[in-house]
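Number of protein chains: 2
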Amino acid sequence: MDKGQDIHAMMREIGVRAKAAAGALAFATSEAKAAALEAAADAVWARRGEIIEANGRDLEFGREKGLSPAMIDRLMLDEDRIAGIVEGLRAVAGFPDPVGQVMAEWDRPSGLHIKRVRTPLGVIGVIYESRPNVTADAGALTLKAGNAVILRGGSESFHSSRAIHACLVEGLRAAGLPEDAIQLVPTRDRAAVSALLQMVDFVDVIVPRGGKGLVGLVQREARVPVFAHLEGIVHVYIDKAADPAKTLAVVMNAKTRRTGICGAAECLLVHRDALALGQQVIDALIAAGVEVRAGPGLKGSVAASDDDWGREYLDAVIAAKLVEDIDGAIEHIRRYSSHHTEAILTEDDGAAARFFERVDSAILMRNASTQFADGGEFGMGAEIGIATGKLHARGPVGAEQLTSFKYIVEGDGTVRP
Amino acid sequence: MDKGQDIHAMMREIGVRAKAAAGALAFATSEAKAAALEAAADAVWARRGEIIEANGRDLEFGREKGLSPAMIDRLMLDEDRIAGIVEGLRAVAGFPDPVGQVMAEWDRPSGLHIKRVRTPLGVIGVIYESRPNVTADAGALTLKAGNAVILRGGSESFHSSRAIHACLVEGLRAAGLPEDAIQLVPTRDRAAVSALLQMVDFVDVIVPRGGKGLVGLVQREARVPVFAHLEGIVHVYIDKAADPAKTLAVVMNAKTRRTGICGAAECLLVHRDALALGQQVIDALIAAGVEVRAGPGLKGSVAASDDDWGREYLDAVIAAKLVEDIDGAIEHIRRYSSHHTEAILTEDDGAAARFFERVDSAILMRNASTQFADGGEFGMGAEIGIATGKLHARGPVGAEQLTSFKYIVEGDGTVRP
Chain A
396 MDKGQDIHAM MREIGVRAKA AAGALAFATS EAKAAALEAA ADAVWARRGE IIEANGRDLE
456 FGREKGLSPA MIDRLMLDED RIAGIVEGLR AVAGFPDPVG QVMAEWDRPS GLHIKRVRTP
516 LGVIGVIYES RPNVTADAGA LTLKAGNAVI LRGGSESFHS SRAIHACLVE GLRAAGLPED
576 AIQLVPTRDR AAVSALLQMV DFVDVIVPRG GKGLVGLVQR EARVPVFAHL EGIVHVYIDK
636 AADPAKTLAV VMNAKTRRTG ICGAAECLLV HRDALALGQQ VIDALIAAGV EVRAGPGLKG
696 SVAASDDDWG REYLDAVIAA KLVEDIDGAI EHIRRYSSHH TEAILTEDDG AAARFFERVD
756 SAILMRNAST QFADGGEFGM GAEIGIATGK LHARGPVGAE QLTSFKYIVE GDGTVRP
Chain B
396 MDKGQDIHAM MREIGVRAKA AAGALAFATS EAKAAALEAA ADAVWARRGE IIEANGRDLE
456 FGREKGLSPA MIDRLMLDED RIAGIVEGLR AVAGFPDPVG QVMAEWDRPS GLHIKRVRTP
516 LGVIGVIYES RPNVTADAGA LTLKAGNAVI LRGGSESFHS SRAIHACLVE GLRAAGLPED
576 AIQLVPTRDR AAVSALLQMV DFVDVIVPRG GKGLVGLVQR EARVPVFAHL EGIVHVYIDK
636 AADPAKTLAV VMNAKTRRTG ICGAAECLLV HRDALALGQQ VIDALIAAGV EVRAGPGLKG
696 SVAASDDDWG REYLDAVIAA KLVEDIDGAI EHIRRYSSHH TEAILTEDDG AAARFFERVD
756 SAILMRNAST QFADGGEFGM GAEIGIATGK LHARGPVGAE QLTSFKYIVE GDGTVRP
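Which chain is which? The protein sequence lines are A and B, in order.
Residues in the first sequence are numbered consecutively from 396, following my numbering.
Residues in the second sequence are numbered consecutively from 396, following my numbering.
It is worth saying that the hints were derived from the structure and are not from the lab.
Please note that a few of the clues may not be correct.
Dumping the calculated DSS-like pairs for lysine-lysine here, alpha-carbon to alpha-carbon at most 30 angstroms [what the hints assert, rightly or not]: (1) A:Lys641 / A:Lys694; (2) B:Lys607 / B:Lys510; (3) B:Lys414 / B:Lys460; (4) A:Lys635 / B:Lys510; (5) A:Lys641 / B:Lys510; (6) A:Lys510 / B:Lys641; (7) A:Lys607 / B:Lys635; (8) A:Lys635 / A:Lys460; (9) A:Lys510 / B:Lys607; (10) B:Lys641 / B:Lys694; (11) B:Lys607 / B:Lys460; (12) B:Lys635 / A:Lys510; (13) A:Lys510 / B:Lys694; (14) A:Lys510 / A:Lys414; (15) B:Lys694 / A:Lys607; (16) A:Lys694 / A:Lys635; (17) A:Lys414 / B:Lys607.
Here are some chain B residues the structure puts well away from chain A; computed CB gaps all over 12 angstroms [unchecked claim]: (18) His403; (19) Val411; (20) Ala421; (21) Glu448; (22) Lys460; (23) Asn528; (24) Gly606; (25) Ala640; (26) Gly658; (27) Ser700; (28) Leu717; (29) Gly790; (30) Asp807.
Now the stretches of chain B that chain A is said to cover, found in silico as 3 or more residues with beta-carbon under 8 angstroms [claimed, not checked]: (31) 449 to 459; (32) 540 to 552.
Glycine included, C-beta positions come from ideal geometry on N, C-alpha and C.
Whole structure, please, built from the sequences with the hints as guidance.
Here it is as structure tokens:
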């Protein structure tokens, strides 16, 4: 048997065990799931020395591999960051359990009483890159929703993820839940990712967490449904009825608070009648160190080229364009958006309503920073990512979006005429 | 250019037009959509002569092709059946419009007000077999939810479907909605089906309506998400706490009311302590002309073989098996079910709760006939089919399940710290 077949067989075995665990998790009590997460949090804190030691090996490997300082920073764990992981686990433990929630119920003239009830999805595969804390975050959120999870961490964080995973398993064991509820793929071999993406019989959904390279690969190769966004090409439109002070505050925040996140603004659209305000905003962005690539009629740092429309910089760069009116802005967004998040700045309710109705992105904002595009800020407690697809999960994906549902129908010897 | 490329180009053109229509439909008013359906109903009735004539050509083609009497009956339209189509269109016109419904709304400490609002899915592809009325039903339901639809009818109902489709387009025109909102693939060539299944850039969901052959083909070949069920392997479990009168009524109805529908019972499971009742039910089924294929300990018409577990007969045949206890029944169902519909007959609330919790099928019933597994009976007005997948739509797929959602976030110059 060659190595590829070995990995395939190993992944299949992991799938079989995940599916069996999911069967038992579907009726695990809320108390048991919360206890498992609390015990895991205790274990992470108690074993922080081991985790930091394992992380040291990853850092060494990363430096040898020549990772950038930014990537080394993402990979690094210290006592503060471990405290953050512990806090995250306890927060998820305290969330309401979505499983068993009655989403709707009604009576029928036939005498039937019908309930629509939340159930777990089953088995979730999570594929991520260098951040070792995703091991805990993703494991906790999927468990909360009653799912089994197969975690596949980045090769850079291999040892750190294993050490954190051991703590999650300790939590499951303490709560009497199946240890296979949270499995970590025990190899760095990339063939394991390909195998996971094909496991339609064992995996219900794949969630990739990482850069465009990873997400694109998963979207192209997966035969299993994927919850993800490839890019956050976020547009902010300054309407003619925009309030200047709000506009200045919101655009600056949307672009500069953090430039590397998916909710950061990447393109500014300015109504022709708001030219003066638009130019003032652009000047402020330039003064704050942002490179503004401006279309005709606007003075930026440099002139925009056609490549700048529909581009995700993830950096201190923004494109800017003058549009004829709100419909010009909507048309530009429909053409170039990645359906993640867009914002309108306006005091005109009619303009806001038109924007909300005609732009079909997962998140639409009015007079608010696009950097609020986040499950925590939405009040979902935690998110496993943001999805831009139209099916099932859209926007921030929290515990509730990791569930399915079924119908419970009760009669009294009721037959259909 | 060869014929395959021709069809491919034609289907692409249909996709482009559907997507453009979907963009406009997303903000069509409820009144316009209802008016289009009412006008379509008027047109179907006014043009019933033409429709019956077109149907005559299909019947002739079908007889030449040697279709079975059952299939000829499914294909046939007379004035009564056309009145049924008209009634169906008017019923859907009267449904509440799901688009724009606020599914949830809440405030955040940041000052943001967040709403989760229903939106159309986009473009739906519906692939069906010989029943020409599906043209009207599927066209109406997808339009109601603000979607554009690409209909691909069976080759047997080609002329009937075209005649009905012309009436739907007349309705769209009368209401000022884009005519491309409801398109019918204008060829019998099977290459059009393959093309439709691959159109990830233009089609959001495929709904196949028909037998296992069609659904299996669609599920294997589609690169677009599919809402469907392959089979309805429906189990009815007689618990030890079953009420005899209810049990007899429910099982007889679940099997014999109509044997060819997906909600018909296909396997009877009998608790060892309910043996006498189970045997009485089996005797009644046999007396009603049902062939009972019984496992050890039960007296049926014939002995069951291993092939009888997990089998969909769609006929006056049922398998029957004695189980040790409720967990034996649950285990059998988990192994053999198609996740469509299962029922328990019991007066014991604890047993019902255990069954509901541990069986993961789209619809679970207690003391009620599985033949209620239907969108109309659920109060959804109409259904485009029943789905057994776990993502997005599950159970009967009505107008609401043909929608997606987006988040509308309102602030007042709100920025993220």
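List, from low to high, the hint numbers that the structure doesn't satisfy. Violated hints (numbers, rising): 2, 3, 7, 8, 13, 15, 20, 25, 26, 29, 30, 31, 32; every other hint is consistent with the structure.
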